[in-house]
Amino acid sequence: MRETFTKGMARNIYYGGGVFFFLVLIGLTVDTVKSLPKTDNSENMTEQVAAGKRLWEVNNCIGCHTLLGEGAYFAPELGNVYTRFGESTEAIKGFIKSRPVEGIPGRRSMPQFNLSDEELEELAQFLKYVDGVKTARDWPPNVQG
Amino acid sequence: MKYESQGVAKLYFIAAIGLFVGQILFGAIMGLQYVMGDFLFPEIPFNVARMVHTNLLIVWLLFGFMGSAYFLIPEESERELYSPLLAKIMFWIFLVAGALTILGYLLVPYAQLADLTMNDLLPTMGREFLEQPTITKIGIVIVALAFLFNIGMTILTGRKTVITLVLLTGLVGLAVFFLFSFYNPDNIVLDKYFWWFVVHLWVEGVWELIMASLLAYVLIKVTGVDREVIEKWLYIIIAMALISGLIGTGHHFYWIGTPDYWQWLGSVFSALEPIPFFMMTLFAFNVVNKRRRDHPNKAAVLWALGTAVMAFLGAGVWGFLHTLAPVNYYTHGTQVTAAHGHMAFYGAYVMVVLTMISYAMPIMRGQKAANETAQKLEIHSFWLMTISMVFITLFLTVAGFVQTYLQRYSDEPQSFMVVQEQLATWYWLREAAGVVFLLGLFLYIYSFFAKGKEVEFVEE
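Protein chains in written order, with the working numbering: chain Y, 2 to 146; chain Z, 828 to 1287.
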C-alpha cells in the first residue's frame, strides 16, 4: 500500500469504524425490540406456547427441521406447518403421535418422541404461535415452506 | 521454539485434530442419511449426528484458536506464558467437558440429557449450534475466562504488538458474545434475534479478527516482510470486517418477524462482507510475493495462501450469492445455505487453524519445518481436502438451486420431501466428495508421522 496511507490511519479506521457501527447496531437493536410487538404475535403468547417452546427445544427439533428458515435442512420447514396442515392442531398432533418407533425402511423418519397428550397440545400450540408471526413478505414464499 | 511455554499449544492442536476426525466421520454419516434415510435409525437419528458434527467443529476450532494463541502470544510478547499450568488444567477441563457432552448426545435421548443436566433451571438447550447443556455452557465460560486471564496477563505485561492486541480483542469478543447463549426468551422472534448475536457476531465478526491476526502472524514468520506493512494490512482488513459485518447481521433479520428496514440494511452491508476477505487474498499473495526469505516450511505458506483464497470463495462469494434479500427470499434455509456454510467454515476457520498448526507443530517438535516427505504428504492432503470441499460446495449449490426452484419458485411448488427425493443424485455426489475429504484428512494426520529427508535451510 502507498506510503501516504499510514498504519495510524488504518488503525483509526478500525477503531472508529468498529465503535461507530457497533453503536449503530445497538441503536437498531433497541428500535427493533421496541417495534416487535407489531409483528411477533406476542398477543398469543400463553403458558402453553412457552411450554411448547421448551418441548421444541429439549427434543432438538431444530436438528432436522427449519423454523422460519433457520435450523437443519433435513426435514420440512415448520414455521408455517399450521397453515400447511389446514390450520389444524389436531393434524399436527396426529402426525407427531403416529411416527413408527423403528422408522420407515429406506426413508427419512421422524423419531417417536412418546409425548403425552398434554405435551402434544403444547407443541402444536407453539407451532401455531410461530405461524402467527408476521414475517416480511409473508415468508415462506408458499405453503410448502 | 523461543519460549518453552509455547509448547502447551501442542496439546491443544492434537485435541483439535482428533475432534476434527470425529466431526468429519459424523459428517459422512449425515451425508449418507440424506440418501439412505434409515441409516443408523433410530440409534443415531439425523439430529444427533448433526449436533455432534457441528458441536465438534465449534469445539475443535476453539481448541485450535486457544492453541494458536498460546503458541504465538509468548513469542510476540517476548516472555513466557503467564501460567502454563493454568493452560494445561484448562485444556483437560475443556476436553473432558467436551467429550462428556458429545457422549451425552450419543448415549441418551436429548430430552433426557436436558433432564439430567437440569435444563429447566436455566433453559438454554435445543437451539441450533447452542445445543450444549447449560452446565457445559457455564464450563465454556469458565474455561474462556481462565484462558483470557492467562493470555491477557501475558500480553499486558509483555511487548504489545498489533497482532496480539487484535487477537485479544477477537478472543474477548468471542467470550462476551457467547454470553447471549444464556438468553432464551419464550418470544421466538426475540430468541432468534439475539441468537444471532452469538452466531453471526462470532463467525462474521470477532472470529474474523482472530483469523486475520493468526494469518498475519504466520505471514510475518514465513515471509520476513516488514511488520509495519503487515500490521497496516491487518488493521484495514479487520476495519472492513467490522464495518461490513456488524450491520451485515441484518441479513439474518429478513424473515423472522423483524422490521422491514433490515431488508435494505442487511442487503447493503452484507454485500460488502466479501471485501475484507478479498483484501485478505490480496494481502496474502502480496506479502508472499514480496517475501524476504524462502521459508523451508512450504506447506505452511500454501495453507496461508489457501486460507485467504478459500475464505474469500466460501465466506465472500458464496455468502454474497444468497445474501441479497430478494434472492434470499427464495433460497433461505435451503441447501444453498448448507453449501455456503461448508466452504465458509472450511475456508476461513478450519484452514486458518491448519495454517497455524502447519507452521507451529514442526517448531514444537524441534524442527524449523517438517521433513520433505512429510511436507509433500501434507501438501497432497491440502489439495485433497480443499478440492473435495469445493466439490461438496458445488454439489450442494446445485441441489440448493434445484430445491429452490421446485419448492419455492416454480408455478406448482412441490412439497419438501418430494423435492428431496429428486436431489438424491447430488446428495450421492456430495457424499462421495465427503469420503475423499475424509481420506485427505487421514493423509494429513499420517503426514505428521512420515519420515524423510530433513529440509535444508540457511539460519537467519
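What the hints contain is simulated information worked out from the structure, not anything from laboratory work. Be careful, since some hints might not be right.
Straight-line Cα separation of at most 30 Å, DSS-like style, residue types lysine-lysine; simulated pairs [stated by the list, open to error]:
1. Z:K1203 / Z:K1125
2. Z:K1117 / Y:K8
3. Z:K915 / Y:K8
4. Z:K1280 / Y:K8
5. Y:K8 / Z:K1203
6. Z:K987 / Z:K1048
Every value quoted in this text rests on a predicted model; they were computed, and no experiment measured them.
For each hint, the structure was consulted:
no.: 1; hint: Z:K1203 / Z:K1125; result: holds, 9 Å
no.: 2; hint: Z:K1117 / Y:K8; result: holds, 18 Å
no.: 3; hint: Z:K915 / Y:K8; result: violated, 37 Å
no.: 4; hint: Z:K1280 / Y:K8; result: violated, 42 Å
no.: 5; hint: Y:K8 / Z:K1203; result: violated, 37 Å
no.: 6; hint: Z:K987 / Z:K1048; result: holds, 17 Å
Hint violations for this structure: numbers 3, 4 and 5, all remaining hints satisfied.
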